[in-house]
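Chains A and B, in that order, are what the protein sequence lines are. If you use our numbering, the first sequence corresponds to residues 5 to 358, in order. If you use our numbering, the second sequence corresponds to residues 5 to 358, in order.
Don't read these hints as lab results, they were simulated from the structure. Note that the coordinates shown come from a computational prediction; the quantities given were computed from them, not determined experimentally. Even for Gly, the Cβ is constructed at its ideal location relative to N, Cα and C. The hints are all genuine.
Stretches of chain B that chain A covers, calculated by requiring three or more beta carbons in the stretch to come under 8 Å of a beta carbon on chain A:
| id | stretch |
| --- | --- |
| 1 | 158 to 167 |
| 2 | 253 to 264 |
| 3 | 315 to 327 |
Part of the chain B face toward chain A, derived, beta carbon under 8 Å:
| id | residue |
| --- | --- |
| 4 | Gly116 |
| 5 | Ala121 |
| 6 | Ala310 |
Pair ranges (Cβ atoms, derived):
| id | chain 1 | residue 1 | chain 2 | residue 2 | range |
| --- | --- | --- | --- | --- | --- |
| 7 | B | Lys201 | A | Arg314 | 30 to 40 Å |
| 8 | B | Asp93 | A | Arg314 | 33 to 43 Å |
| 9 | A | Pro207 | B | Leu351 | 49 to 59 Å |
| 10 | A | Arg265 | B | Ala310 | 18 to 28 Å |
| 11 | B | Gln260 | A | Arg217 | 43 to 53 Å |
| 12 | A | Pro207 | B | Ala331 | 42 to 52 Å |
| 13 | A | Arg217 | B | Ser305 | 19 to 29 Å |
| 14 | B | Glu313 | A | Val80 | 37 to 47 Å |
There are 2 protein chains.
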Amino acid sequence: MTSPSDVRRIPAERLRTFTCQALQASGFSNDEARIGADVIVEADVRGVDTHGVTRLAGYVNMTRLGYIKPRARWQVVNDGPTTALIDGDGGLGQYLGHLAMERAIAKARGLGLGAVAVRNGTHNGMNAYYPLMAVRAGLIGFAFTQGPAIVPPFGGKTPAVATNPLSIGAPAERHEHVLVDMATTVVAGGKIRLAAKKGQPIPPTWALDGEGRPTTDPEAALKGFFQWAGGYKGYALAVMVEVLSSVLAGGLFARQVPPMRVFGQQPLIESFLVMALDISRFMPLDEFRQRVDALVDDLTSCERAAGVERILVPGQPEREMRAERLANGVPVSAAVCAELEQLARDLKLPSPLG
Amino acid sequence: MTSPSDVRRIPAERLRTFTCQALQASGFSNDEARIGADVIVEADVRGVDTHGVTRLAGYVNMTRLGYIKPRARWQVVNDGPTTALIDGDGGLGQYLGHLAMERAIAKARGLGLGAVAVRNGTHNGMNAYYPLMAVRAGLIGFAFTQGPAIVPPFGGKTPAVATNPLSIGAPAERHEHVLVDMATTVVAGGKIRLAAKKGQPIPPTWALDGEGRPTTDPEAALKGFFQWAGGYKGYALAVMVEVLSSVLAGGLFARQVPPMRVFGQQPLIESFLVMALDISRFMPLDEFRQRVDALVDDLTSCERAAGVERILVPGQPEREMRAERLANGVPVSAAVCAELEQLARDLKLPSPLG
Numbered sequence: 005m006t007s008p009s010d011v012r013r014i015p016a017e018r019l020r021t022f023t024c025q026a027l028q029a030s031g032f033s034n035d036e037a038r039i040g041a042d043v044i045v046e047a048d049v050r051g052v053d054t055h056g057v058t059r060l061a062g063y064v065n066m067t068r069l070g071y072i073k074p075r076a077r078w079q080v081v082n083d084g085p086t087t088a089l090i091d092g093d094g095g096l097g098q099y100l101g102h103l104a105m106e107r108a109i110a111k112a113r114g115l116g117l118g119a120v121a122v123r124n125g126t127h128n129g130m131n132a133y134y135p136l137m138a139v140r141a142g143l144i145g146f147a148f149t150q151g152p153a154i155v156p157p158f159g160g161k162t163p164a165v166a167t168n169p170l171s172i173g174a175p176a177e178r179h180e181h182v183l184v185d186m187a188t189t190v191v192a193g194g195k196i197r198l199a200a201k202k203g204q205p206i207p208p209t210w211a212l213d214g215e216g217r218p219t220t221d222p223e224a225a226l227k228g229f230f231q232w233a234g235g236y237k238g239y240a241l242a243v244m245v246e247v248l249s250s251v252l253a254g255g256l257f258a259r260q261v262p263p264m265r266v267f268g269q270q271p272l273i274e275s276f277l278v279m280a281l282d283i284s285r286f287m288p289l290d291e292f293r294q295r296v297d298a299l300v301d302d303l304t305s306c307e308r309a310a311g312v313e314r315i316l317v318p319g320q321p322e323r324e325m326r327a328e329r330l331a332n333g334v335p336v337s338a339a340v341c342a343e344l345e346q347l348a349r350d351l352k353l354p355s356p357l358g
Numbered sequence: 005m006t007s008p009s010d011v012r013r014i015p016a017e018r019l020r021t022f023t024c025q026a027l028q029a030s031g032f033s034n035d036e037a038r039i040g041a042d043v044i045v046e047a048d049v050r051g052v053d054t055h056g057v058t059r060l061a062g063y064v065n066m067t068r069l070g071y072i073k074p075r076a077r078w079q080v081v082n083d084g085p086t087t088a089l090i091d092g093d094g095g096l097g098q099y100l101g102h103l104a105m106e107r108a109i110a111k112a113r114g115l116g117l118g119a120v121a122v123r124n125g126t127h128n129g130m131n132a133y134y135p136l137m138a139v140r141a142g143l144i145g146f147a148f149t150q151g152p153a154i155v156p157p158f159g160g161k162t163p164a165v166a167t168n169p170l171s172i173g174a175p176a177e178r179h180e181h182v183l184v185d186m187a188t189t190v191v192a193g194g195k196i197r198l199a200a201k202k203g204q205p206i207p208p209t210w211a212l213d214g215e216g217r218p219t220t221d222p223e224a225a226l227k228g229f230f231q232w233a234g235g236y237k238g239y240a241l242a243v244m245v246e247v248l249s250s251v252l253a254g255g256l257f258a259r260q261v262p263p264m265r266v267f268g269q270q271p272l273i274e275s276f277l278v279m280a281l282d283i284s285r286f287m288p289l290d291e292f293r294q295r296v297d298a299l300v301d302d303l304t305s306c307e308r309a310a311g312v313e314r315i316l317v318p319g320q321p322e323r324e325m326r327a328e329r330l331a332n333g334v335p336v337s338a339a340v341c342a343e344l345e346q347l348a349r350d351l352k353l354p355s356p357l358g
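Whenever a hint applies, use it, and build me the whole structure from the sequences.
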């Protein structure tokens with residue numbers, strides 16, 4: 005485990021500049037690199053470290069191997085008054101996600117709702133980024149994303165779908181926003197790898213062994229599968245996310261998607277759907293923001309169960325983390341610092357560590 | 005527990021006719037009664053018995069007490085090209101849900117997407133009914149519903165929101181459809197009451213005692229609260245359902261909603277949002293249906309974990325139940341049969357038991 009002394013605080017702006025330069029040096033256009041860097045570093049800033057600069061070397065490597073295509077010739081396959089379908093041509097997932105939500109927002113501003121699907125995308129990073137674009141525009145935003153087959157259906161032991169996250173966000177006033185961004189599995193790989201490193205058992209609800217049986221052994225779990233959040237309920241949500249993204253977008257779905265076990269060294273094909281809803285078609289935006297504030301106040305002021313310090317609302321930990329990290333810099337582990345320095349040498353860029 | 009000999013099989017059509025007559029006799033218009041009866045009995049037919057004719061005496065009683073208003077003067081408060089907001093005037097929830105989805109479907113057919121919110125509704129019954137209307141129209145349907153404050157926020161012990169269900173459905177061809185309809189809590193009251201009757205412990209993930217601590221004692225659970233499905237993930241979804249329904253619709257939200265502990269004897273105020281998405285804006289509907297079939301085949305043909313008989317997709321148990329019950333009649337317990345006979349006497353109607 006990382007001790008505080010292994011961690012360096014790096015200003016978000018410096019990470020963003022370096023990430024942008026690394027993507028430009030890999031062949032991406034200025035727009036692709038700028039937007040990609042913003043999505044990636046926003047994950048670090050919000051404390052979603054698994055989707056931040058720790059992935060940068062992987063993205064660069066996948067680009068070198070031809071699994072992410074710089075300056076991809078994405079195309080709008082179908083365009084309607086409130087909908088669009090984009091073929092991403094294997095371009096940068098973050099850029100395609102941003103492009104899709106920009107269009108969904110424009111459509112929602114015009115007619116009240118917008119939905120844009122993308123097929124042949126690549127890893128789009130932190131799913132929450134796209135609903136947050138809608139939130140900043142005063143809209144409610146949705147994102148549904150699928151990917152490589154790593155989790156078996158409920159009751160199965162053949163990996164068939166991804167952890168299929170869904171995200172929904174809505175603007176508030178004093179409280180900025182409320183936002184859910186959740187994988188439909190209980191946990192993803194990071195927490196299990198950490199338990200394995202520490203030699204500690206994991207709760208029986210986290211993972212299955214290779215035979216599809218619940219296990220408390222992190223090593224068995226790493227050879228097995230994630231469990232669905234809420235059992236069959238998480239599975240049911242994941243199936244609907246698959247339908248709303250890959251099936252609707254005409255992309256590869258379920259076991260059609262090439263497998264991905266090692267991030268950064270294999271293809272990572274994703275489809276996604278983003279949607280935006282114009283609040284002002286229902287009530288004045290200011291009134292809505294105040295109502296969300298009142299909901300947050302109502303929930304967080306409830307009596308607490310024994311041992312509970314605070315009652316939170318979804319998105320609050322990340323909002324608080326964001327404020328702290330923008331003020332004090334993003335903590336980057338020694339291992340990731342070393343990766344970034346290596347990347348700087350490889351791409352002949354100034355080190356982001358200053 | 006009900007033994008098979010206590011159960012009578014009653015044809016769905018007969019239950020539907022009786023439910024319609026009971027609603028008419030309670031003052032509802034022919035349209036309200038016909039649609040209300042269809043939503044109620046469709047729950048029985050799909051095996052969602054908790055939302056079927058077992059609730060009819062409660063609805064009739066709530067109407068008598070003035071908590072559901074027959075021939076309510078609902079109004080379209082805001083109407084846009086893809087959106088609408090309806091004030092339900094305390095009318096029959098099932099009728100208002102049907103009305104809202106009818107309009108969402110019409111808007112989606114016109115421009116690709118539709119979203120209709122309802123405030124001042126009452127209990128809208130089985131949430132799945134509304135996405136299934138969209139599915140029959142060849143669209144993808146969504147429903148988000150809130151209600152009285154019975155579940156505390158994650159970490160709390162003051163009840164603040166309902167079990168806030170969400171439902172999403174999409175059409176298939178051979179497999180008819182896939183559909184999730186889930187409360188955001190692990191279970192609702194029925195299973196806990198059954199364990200209490202049998203004197204059996206419940207799993208520690210189902211419920212909390214009155215102090216907000218997980219409990220295996222069903223009696224303590226009945227004085228306490230439901231637990232969220234997937235812990236904070238179910239809670240996060242419930243908060244977003246609250247935002248999408250009551251907050252957006254301008255209805256009462258969270259602890260503003262009058263409490264409801266005994267169904268049928270207290271007010272039950274709900275807001276909801278339904279949405280529809282036109283698949284044909286993305287790809288030909290037939291192609292989409294075949295892709296959903298292929299997804300279902302891919303998932304259900306995965307290797308099974310030990311002890312698992314079949315791998316299912318969401319909505320499949322209810323589809324299979326529906327076929328069986330339409331063929332053989334709906335099993336109605338002796339207790340519910342007695343309630344229906346009493347209702348027939350009270351309302352001077354022919355008995356539904358024939």
